[in-house]
Amino acid sequence: MDTLLNEDEQLLTDQARAFLAKESSTALVREVEAANKDFDQGLWQKVAALGWLGMTLPEAYGGVPAPFSHLGLLFEELGRGIAPIPIHPTMVAALAIHANGSAQQAEAILPAVIKGDKILSWAYFEAGGDIDLSSINMSAAVGANSIVLSGKKLFVDGFKHADQCLVVCRSQPQSSGAEGISLVLVDTDSQGLSNTRLPTMAGDIQDELHFDKVEVPLDNVIGELHQAGAAAIVMFEQAVILNCAMMVGASHKAIEMTFDYAKEREAFGQPIGSFQAIQHMCANMVTWVDGATMLTHEALWKLAEGLPATREISVAKAFCNERCPAALREGNQIHAGIAQIKEYDLQLWYRRAAAWSMRMGTSIQHRRIVAREIGIVPEPSA
Amino acid sequence: MDTLLNEDEQLLTDQARAFLAKESSTALVREVEAANKDFDQGLWQKVAALGWLGMTLPEAYGGVPAPFSHLGLLFEELGRGIAPIPIHPTMVAALAIHANGSAQQAEAILPAVIKGDKILSWAYFEAGGDIDLSSINMSAAVGANSIVLSGKKLFVDGFKHADQCLVVCRSQPQSSGAEGISLVLVDTDSQGLSNTRLPTMAGDIQDELHFDKVEVPLDNVIGELHQAGAAAIVMFEQAVILNCAMMVGASHKAIEMTFDYAKEREAFGQPIGSFQAIQHMCANMVTWVDGATMLTHEALWKLAEGLPATREISVAKAFCNERCPAALREGNQIHAGIAQIKEYDLQLWYRRAAAWSMRMGTSIQHRRIVAREIGIVPEPSA
Amino acid sequence: MDFGYNEANERFRQEIKDFLTANVSREFRAEVREMQGKGMGPLTKALILKIGEKGWIGMSWPEEYGGRNADRIDQFIFEEELVRARVPLNIGNFIEQAPAIMAAGSEEQKKYFIPRLVRGEVTFALGYTEPSGGTDLASLRTRAIEDGDDYVINGQKTFTSGAESASHIYLMARTDQDTPKHDGISIFLVPIETPGITVRPLWTLAGGRTNEVFFDDVRIPKTAMLGEKNQGWYIGSKALNLGRAGAMRYYTYVSLFEETLYFARSNPLGQQLMDDETARDKIAELYCEAQVARLFTLRSLSMVRRGINPPYEISSEKVWGPEFLVKSTEVVSQILGPYNQLWEGSDLAPHRGAFPKRYVSAMVSTFGHGSTQVMRDAIARRGLGLPRGSI
Amino acid sequence: MDFGYNEANERFRQEIKDFLTANVSREFRAEVREMQGKGMGPLTKALILKIGEKGWIGMSWPEEYGGRNADRIDQFIFEEELVRARVPLNIGNFIEQAPAIMAAGSEEQKKYFIPRLVRGEVTFALGYTEPSGGTDLASLRTRAIEDGDDYVINGQKTFTSGAESASHIYLMARTDQDTPKHDGISIFLVPIETPGITVRPLWTLAGGRTNEVFFDDVRIPKTAMLGEKNQGWYIGSKALNLGRAGAMRYYTYVSLFEETLYFARSNPLGQQLMDDETARDKIAELYCEAQVARLFTLRSLSMVRRGINPPYEISSEKVWGPEFLVKSTEVVSQILGPYNQLWEGSDLAPHRGAFPKRYVSAMVSTFGHGSTQVMRDAIARRGLGLPRGSI
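Protein chains in written order, with this note's numbering: chain H, 1 to 382; chain P, 1 to 382; chain B, 1 to 391; chain Y, 1 to 391.
For the record, the hints were derived by calculation from the structure and aren't laboratory data. Predicted model, so just to flag it, every value in this text is computed and none were measured. Yeah, the Cβ is synthetic: ideal placement off N, Cα and C, and Gly gets one too. Just to be clear, a hint being listed does not mean it is correct.
Computed list of lysine-lysine pairs in DSS-like fashion (alpha-carbon distance at most 25 Å, straight line) [what the hints assert, rightly or not]:
| id | chain 1 | residue 1 | chain 2 | residue 2 |
| --- | --- | --- | --- | --- |
| 1 | P | Lys115 | P | Lys37 |
| 2 | H | Lys22 | H | Lys152 |
| 3 | P | Lys22 | P | Lys46 |
| 4 | Y | Lys327 | B | Lys327 |
| 5 | Y | Lys181 | P | Lys263 |
| 6 | Y | Lys38 | P | Lys342 |
| 7 | P | Lys37 | P | Lys22 |
| 8 | Y | Lys327 | P | Lys342 |
| 9 | B | Lys54 | B | Lys110 |
| 10 | H | Lys46 | H | Lys22 |
| 11 | B | Lys181 | H | Lys263 |
| 12 | B | Lys327 | H | Lys342 |
| 13 | H | Lys342 | B | Lys38 |
| 14 | B | Lys17 | B | Lys50 |
What follows is a set of in silico ranges between Cβ atoms, one per label pair, in the way DEER data are often shown [unchecked claim]:
| id | chain 1 | residue 1 | chain 2 | residue 2 | range |
| --- | --- | --- | --- | --- | --- |
| 15 | Y | Asp347 | P | Ala35 | 22 to 32 Å |
| 16 | H | Asp187 | Y | Asn6 | 25 to 35 Å |
| 17 | B | Arg84 | P | Pro308 | 18 to 28 Å |
| 18 | H | Ser190 | B | Ser167 | 57 to 67 Å |
| 19 | B | Asp347 | H | Ala108 | 19 to 29 Å |
| 20 | B | Ser25 | H | Ser146 | 48 to 58 Å |
| 21 | P | Glu305 | B | Arg84 | 19 to 29 Å |
| 22 | Y | Arg11 | P | Gly269 | 48 to 58 Å |
| 23 | Y | Glu344 | P | Gln174 | 36 to 46 Å |
| 24 | H | Asn145 | Y | Arg306 | 51 to 61 Å |
One side of the interface only, derived from the structure: several residues of chain B facing chain H at Cβ under 7 Å [what the hints assert, rightly or not]:
| id | residue |
| --- | --- |
| 25 | Asp136 |
| 26 | Phe159 |
| 27 | Thr198 |
| 28 | Val199 |
| 29 | Leu202 |
| 30 | Thr204 |
| 31 | Leu205 |
| 32 | Phe214 |
| 33 | Ser333 |
| 34 | Asn340 |
| 35 | Ser346 |
| 36 | Val364 |
| 37 | Thr366 |
| 38 | Phe367 |
| 39 | Gln373 |
| 40 | Val374 |
Isolated chain H (complex conformation):
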């Protein structure tokens, strides 16, 4: 028991923070956003060179052996640096391929991913944005050698530059819930696959994918056919906790900017940070973001230890979704006027952290999981 970072973790954090402070400048962030570019190729290559895209993946593929918690801390720094690269969708899909794919599949995909030559995406959510597997309706008709996907996926991150997209689909038409689910890796240029771009408040772009009888070789099924419900849940949960880490990192940066501002900015003849009302807002902000951090770290640690973490992940997400934006909102209020102006940098963090709080499950949805996990959902009466 020692909830603080150990030496390795601190080193990783410090190095990542220093790198991103330099390489993920607000100028770069603004440029990528203004050009609707979605990501910066140069930064992507540098990140690949640092081995970040192989973090927790096997050395045999060029990866860096590390516990999952290291990946989480890295994402915390990527969030703090609001780095404009599709590392979240790529790693989410790569981890799922590593965990569930065959050796051939892994060899074919992961080395290229780790080198920075292949970008991945994952497609989970459908109309309504529900997070439960019961919301998966995309049909996958299984043939002799191929599987044919039809339906829609929503809110797909990083699709534009992705080479392949890992799609969660229902391969047994009569199944429900977690039954009959498969993971299928689809080339993004497959025939019948089209996309509609969904611009977001984060300044990034998600996609709506339309699958019109997209035929994929059976070799592209990742994990066991029809039996990938559990794998899909793991993929979703890993995506969620890495999303929390990013929110936490961005929120820390934004509140630190606010504390600095409160020390410098004067009103009524003194720094605004000397007013008790402002001080108490700042005390709340750090308390909320610290709380979000601790919950996220506990979940990361459980994953690193190979322990079940469904409860901890949903606890973290439910809390982060509400408290991180609230902390940033207080930061805006303390900044006042300039917080709403695009030219001022604070908003770069605010819009992203806020958008992240709206993805991969609302607080209400995650608290529903928490309620189930803590055993307060009564058995349905007959």
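Since chain H is already given, all that's left is putting chains P, B and Y on it; use the hints.
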């Protein structure tokens, strides 16, 4: 449109407040509570002499013609004065008898009530504390000349001194919801009717009533047999809004005590009320209680105008239940140490307002009504 | 207590609604979208003039000032319907300064400005805030130096909303450097086209526009001063306080919620999201709180109509409303989830992406025209009589 | 990061659990109820001594002071299980003063007090707060005047919890009237039976007891002073700060919630109330927030174990925890509804009426041992480096 009190209303308020400040002293309140007396006979008689027990009831019975809003303002003052008398249950039942009873019934009961010679009670809630009529399970078997009640009622106010109790029961065994409901006036000394006392945090006592085949003449049915669902809802709603008025009155008094304390009490060399943190707490307190007041007044006005007020009543109750106790809790925090000490008077208001916030429907239950009223509950899909 | 509208009020409400139905065209809405941040298009100008002709601007003012002595309730109704119909004309802003002109202006100023304000021909942008001081208005540094019959103005204003389309700036500048900070300030009514004035856009997160306004040796005649020299703070404060009341502001606070309610009731996705007891509970809670915003406004209005100067009630509106708006955007974001992040330009985005725009712009109400902190100070000190502190 | 307990920790937890199962009898619980506010009964005294024999009191202290050099994590586990088993022995309070005695005490004081504290034979009541100043401790007025080899003490303390059963008072008194208020204060270790001390009960809303303690010409030898004269403020502050960490306090914050959770899972009424999605959402939200209370405690503990003096983290615990407790009582009250108001003495009252008792006593945590306002000041100033204000 003028949301402030008009001259008549202000006069009524001022007079009631002056009377209760004198007659409902904290000494009296403490004495009644300490002796488990439930109420003070002397104050009851004085209140009757002022005509308060006849407010809104016909002059023919000794009543005072007045709009319902006047009754609400009176209850606001009764709450402010935390008057130890069973006027809430008595008036709730009396209003229902007036609205639904026959002329003979009204003549037999109301003049005695108005004179202060008869105390009434009402029994609505059953196990679980639900507020919907679908929760009414007490069975009432209808015979040729009598009706026989069996079952339990919970959280019955003022039963100890009541002469009669107006019971909401299900007189058609196969009915559900608002169908098959009757109102039956039961003598509290009826054979088969027993009670278990439920001491509460308010220092008053509610009762659990056990009906073991209590036989009541059919003449004691108030309103139409089996058709009293709507009447029961009106009775419940009137009880709720008068409860809100009491919470609002008590809360105003408690926060005023706090503002006075904050002006006098010194710490760190100045009145604690000069600290910005305390000032902002006080600003919140008055905002919350003012909000509760305005919502309550709007509902009272609608009732006075004979307009439907289901939505406004539940809005007021949902808000009062949460914001009045929160305001008082902030008041406790500002008082610190002494707020928890029985000898200090603040707690007399705190415990009562808090207990009132737990009666006649939780915020969740009332918001369910609001959701229905504002049209956001989807039709059940087939 | 009377929470109802009388028949005349209801008739008037219908008149406004009919007018808006007849005059707010598809083309008008397209122009508003098209011209965002670029000033006023011709249809917008025409609509303002039409409203001015109707006599609805400043309708509650005395007749001698071009008003109609109308009931303030009717003015409230007018403003409410205007905002409810999503007509983006901040009529309130046009006329916020009028009471100060009536009270402190010269006969000439009154004659020139009041009728034109009423007709919608003159519109003011508020030149109060400076980069160095937001909430602390009195710390302003823009200087007006006497030079013969003129003043010469140098300095900078910021967050000057509407300067791109206003005819005038209602400018606070320092006319005496040596007196305590509240006492050396004067107000000038400055035509926006005066040489030396530069308006630079500041784009906001929601895609809207506010401005920086630079004054370089701007020369204006002494007759442009409103009221007495060095009394500007007191004239201006009054306008600011009156500006805080009214439906315009209240409706801004609850409009996001009303749109959510509409969405929840009528849109298939909204209905789908409402098939969740917890989401309904949260919407119902917001509904309750929105009623408080409405009632606080009606309370202030009732007081003003009775001739009472509300000691703290207007500040309560200005705490409750903005915080309700912020809270409602956050709550709704956790009901809409990923749909709440979708910006305009996507067919999937509910209400053309209105939700994220509301989300990122809600903050403005919590500091614009006085922060919620300053408002709470005022409630505590002026309303409850709590003492000012020494540390 | 390591959020786990190792095997030794888990074994120790089991040892404590087994001990409590074996030693917390029905009779013990009956005695506790019976003796509430009357001091300690024989079974309670015996249990404390037994715990003392086990070496669990002050177990993390150095061996030279009677401790066992045990891991602070084990001490946390011990405290957690003690409170979780609802053993109402505020062991934390007994030993809160020990670090100060170790640091500042004379050899004689250390030899006398430390072993007896460890064995549970000496217990302190905290004589800090006075009627004239709650949070502002340094404003205290109780005086200790030198008289030969003695001090003579006059004054009054209030909210002196546990004075009815403590062996000593850990007393702060003013020994110099002329220095600035923090500098003229000394600490005395005063046997409660000393003539001139009167303990008067103050009954609390939850039926518990705290006390006023009056000092009338109480004569104590100079050797009863802890540390140097006039240095008491600094000795005392240290103890107070350390006293803020630890499981005892954390568990107090979350215990109402844990009981609610138990009730929701296992009681038929609780299960019935959980058949409501909104209620479940609220319980799940409280669960999330309770984890933050737990993790904040573990964070402070981790820092202290590493030899770091937490700049603000202990204050964060003391803001989050109490406000969580208060919030949880309010949320639960709107789930239990009328059941939440039922006081002990009714069979219908869940958990013998524990819910309303928690409800009315939750406030104490928000001001006891430093108000949440003072804690927020500390977070902002010591933690974030925000400046002290001038108005």
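Please list, smallest to largest, the hint numbers that this structure does not respect.
The structure conflicts with hints 2, 16, 19, 27, 28, 32, 40, although it agrees with all the remaining ones.
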